[in-house]
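These protein sequence lines are chains A and B, in that order.
Residues 1 to 410 (our numbering) make up the first sequence, in order.
Residues 1 to 97 (our numbering) make up the second sequence, in order.
One thing to keep in mind: the hints can contain errors.
Derived, one-sided and incomplete: chain A residues facing chain B with beta-carbon distance under 7 Å [stated by the list, open to error]:
#1 Thr52
#2 Tyr61
#3 Ala64
#4 Tyr199
#5 Ser236
#6 Asn237
#7 Pro245
#8 Pro247
#9 Leu248
#10 Asp249
#11 Thr250
#12 Pro294
#13 Phe394
#14 Ala395
#15 Gln399
The set of hints was computed from the structure by calculation and includes no laboratory data.
Bear in mind the structure is a predicted one, so any value in this text is a computation, not a measurement.
Cβ atoms here follow ideal geometry from the backbone N, Cα and C, with glycine treated the same way.
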Amino acid sequence: MSLKLLRQGLGGRPPRMWHDRPLKDHYDVVIIGGGAHGLACAYYLAADHGITNVAVIDKSYIGAGGSGRNTAIIRSNYLTPEGVQFYDASVKLYEGLAQELDFNVMFSQRGHLTLAHNDSSVRTMRRRAEVNKLQGVDSRLVYPDELARICPQLDLSDHPRFPIQAALYHPPGGIIRHDAVVWGYARGADQRGVDIHQYTEVTGIDVANGAVTGVRTTRGNVSAGIVLSATAGWASNVAAMVDLPLPLDTFPLQACVTEPLKPILDVVVVSGSLHVYVSQSDRGELVMGASIDPFTSYSVGGSLDFLEGLAGHVLELFPFLSKARILRQWAGLCEMPPDFSPLMGITPVDNFLIDAGWGTYGFKASPICGKTMAELIATRQTPALLRPFRLSRFAEYDQVGEKGAASVGH
Amino acid sequence: MLRLECPNCGVRNTSEFRYGGEQNPRPTPSTEVADADWIRYLYERRNVMGVQIEWWYHRAGCGIWFLVERDRRSNIVARTWRWQPDGAAAAEGSHSP
Ligand SMILES: Cc1cc2nc3c(=O)[nH]c(=O)nc-3n(C[C@H](O)[C@H](O)[C@H](O)COP(=O)(O)OP(=O)(O)OC[C@H]3O[C@@H](n4cnc5c(N)ncnc54)[C@H](O)[C@@H]3O)c2cc1C
Ligand SMILES: [Zn+2]
Numbered sequence: 001m002s003l004k005l006l007r008q009g010l011g012g013r014p015p016r017m018w019h020d021r022p023l024k025d026h027y028d029v030v031i032i033g034g035g036a037h038g039l040a041c042a043y044y045l046a047a048d049h050g051i052t053n054v055a056v057i058d059k060s061y062i063g064a065g066g067s068g069r070n071t072a073i074i075r076s077n078y079l080t081p082e083g084v085q086f087y088d089a090s091v092k093l094y095e096g097l098a099q100e101l102d103f104n105v106m107f108s109q110r111g112h113l114t115l116a117h118n119d120s121s122v123r124t125m126r127r128r129a130e131v132n133k134l135q136g137v138d139s140r141l142v143y144p145d146e147l148a149r150i151c152p153q154l155d156l157s158d159h160p161r162f163p164i165q166a167a168l169y170h171p172p173g174g175i176i177r178h179d180a181v182v183w184g185y186a187r188g189a190d191q192r193g194v195d196i197h198q199y200t201e202v203t204g205i206d207v208a209n210g211a212v213t214g215v216r217t218t219r220g221n222v223s224a225g226i227v228l229s230a231t232a233g234w235a236s237n238v239a240a241m242v243d244l245p246l247p248l249d250t251f252p253l254q255a256c257v258t259e260p261l262k263p264i265l266d267v268v269v270v271s272g273s274l275h276v277y278v279s280q281s282d283r284g285e286l287v288m289g290a291s292i293d294p295f296t297s298y299s300v301g302g303s304l305d306f307l308e309g310l311a312g313h314v315l316e317l318f319p320f321l322s323k324a325r326i327l328r329q330w331a332g333l334c335e336m337p338p339d340f341s342p343l344m345g346i347t348p349v350d351n352f353l354i355d356a357g358w359g360t361y362g363f364k365a366s367p368i369c370g371k372t373m374a375e376l377i378a379t380r381q382t383p384a385l386l387r388p389f390r391l392s393r394f395a396e397y398d399q400v401g402e403k404g405a406a407s408v409g410h
Numbered sequence: 001m002l003r004l005e006c007p008n009c010g011v012r013n014t015s016e017f018r019y020g021g022e023q024n025p026r027p028t029p030s031t032e033v034a035d036a037d038w039i040r041y042l043y044e045r046r047n048v049m050g051v052q053i054e055w056w057y058h059r060a061g062c063g064i065w066f067l068v069e070r071d072r073r074s075n076i077v078a079r080t081w082r083w084q085p086d087g088a089a090a091a092e093g094s095h096s097p
């Protein structure tokens, strides 16, 4: 390995991690969307079930959607038992992912704090901590004396407008290198025979007798046994190709980074009341974000309103950052479901599956989504972990309300 | 999208308004609407990647709800107008006093 590294360092071209291949006429499984979800599903189809006649089709480069734009927070301290189980299975897969993919995904379980600034949020945090503990997830309420040891950088005085009263502390939470997750799954899938087609847009989906038969793309038509849409922000647009309305509305979500600073913050800090979250990347940038934009859109332009609001709130938590400069600002699309839980599995159209409704919080779920969707495709049985998130739950009055844990926290 | 035209007050900063979602007429009469239609009305959205007719509320101004035609790919607004009961002609923002 080190010899190879030396040789390549001396001018050889690095090996390609995935390849451009011709588009075949038929695939057993076509996955629309080359984000972490689509690529993970392709990887587990091949690795766990030996299904390799699979195409991942993306209209742009892989990771061009939310998977390359998120702020990479990973945690499982949600509010509902169904949600906690699902996200916790994902955290466990992330813990072994570098090993599984033989690729460093830089998962840093540095601890995650959700701050409470008033009585009602302290109550919600306490409830979350108890639900989490029942599911075996490390999660507890901490008060300012302990908070001062975990995160001495916080302004814990009574000077801010909304002084910090307590926090939900989740030690296994942390951040990851999001691009590495996308690339690692892409390489693993490619090595096992999956075709990855970038810059290929799906423009239509063919249905005969209530079942999907193939997709039309800008590079030609493909017949398919199963079609999975893992298109996140664009999910409604793709589902419209089979006349399937979804309970989703697409909003932009913005984020930004400061110039790189010396290591200063080693936990992830979120405040739901102030609508802001902060972590420090390995490059030293402070990665910061807020809640979704105030109106729906498919345009990913940023706004000054966002930066102004965010800066004010970050300074309430960390006044010492007043001289830090913003380096970059960007936005991605988030498809918001009414109950802040995903839409996964079968649909009224046979052989058309969805993995969507991931709003502002779906990156952390990529491994478990890929794994369970692959199991569903291979066995034609909905895995127990996926059942609560079925599309039909709205008609069955059986929603999974995660708003309290997912609206800002990501 | 920095500014929006209220049919009452004219062009104002977008931050004065609140977005109210895509126009989605309520099924009537409510006593006769089937459950499936209520579900559709409450949850399903067109979420169109193109032109949408939508509600806005002039929160920091005159307080009316009005309609906007906006292309959600570019955020370019084609027109804004005051909602009228069925049949009555729409009063366009650009023609208001
Ligand atoms: C600023 C920001 C911060 C976030 N922070 C977090 C966080 O901290 N933690 C967390 O867990 N989540 C976070 N999220 C949410 C997370 O990014 C998404 O939920 C997740 O990445 C969705 O992954 P995906 O693979 O399903 O979709 P995406 O990565 O969005 O991939 C969808 C792909 O579909 C392709 N596509 C769309 N239409 C077509 C078509 N017609 N034909 C072919 N291809 C098509 C797109 O090009 C795109 O590449 C954040 C999101 C944003 C925007
Ligand atoms: Zn007005």
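A quick look at each hint next to the structure:
1. Thr52: Not OK, violated: A:Thr52 not within 7 Å of chain B, min 32 Å.
2. Tyr61: Violated - the Cβ of A:Tyr61 stays beyond 7 Å from chain B, reaching only about 19 Å at its closest.
3. Ala64: violated (16 Å)
4. Tyr199: This hint is violated: A:Tyr199 lies away from chain B, its Cβ roughly 18 Å from the closest one there, beyond 7 Å.
5. Ser236: holds (4 Å)
6. Asn237: Holds, about 5 Å.
7. Pro245: holds (4 Å)
8. Pro247: Holds - the Cβ of A:Pro247 comes within 7 Å of chain B, reaching about 4 Å at its closest.
9. Leu248: This hint holds: A:Leu248 lies near chain B, its Cβ roughly 6 Å from the closest one there, short of 7 Å.
10. Asp249: Where the cut-off is 7 Å and the nearest Cβ of chain B is about 5 Å from A:Asp249, the hint holds.
11. Thr250: holds (6 Å)
12. Pro294: holds (6 Å)
13. Phe394: holds (5 Å)
14. Ala395: holds (5 Å)
15. Gln399: violated (9 Å)
Consistency with the previously given hints fails for numbers 1, 2, 3, 4 and 15, ordered from lowest to highest.
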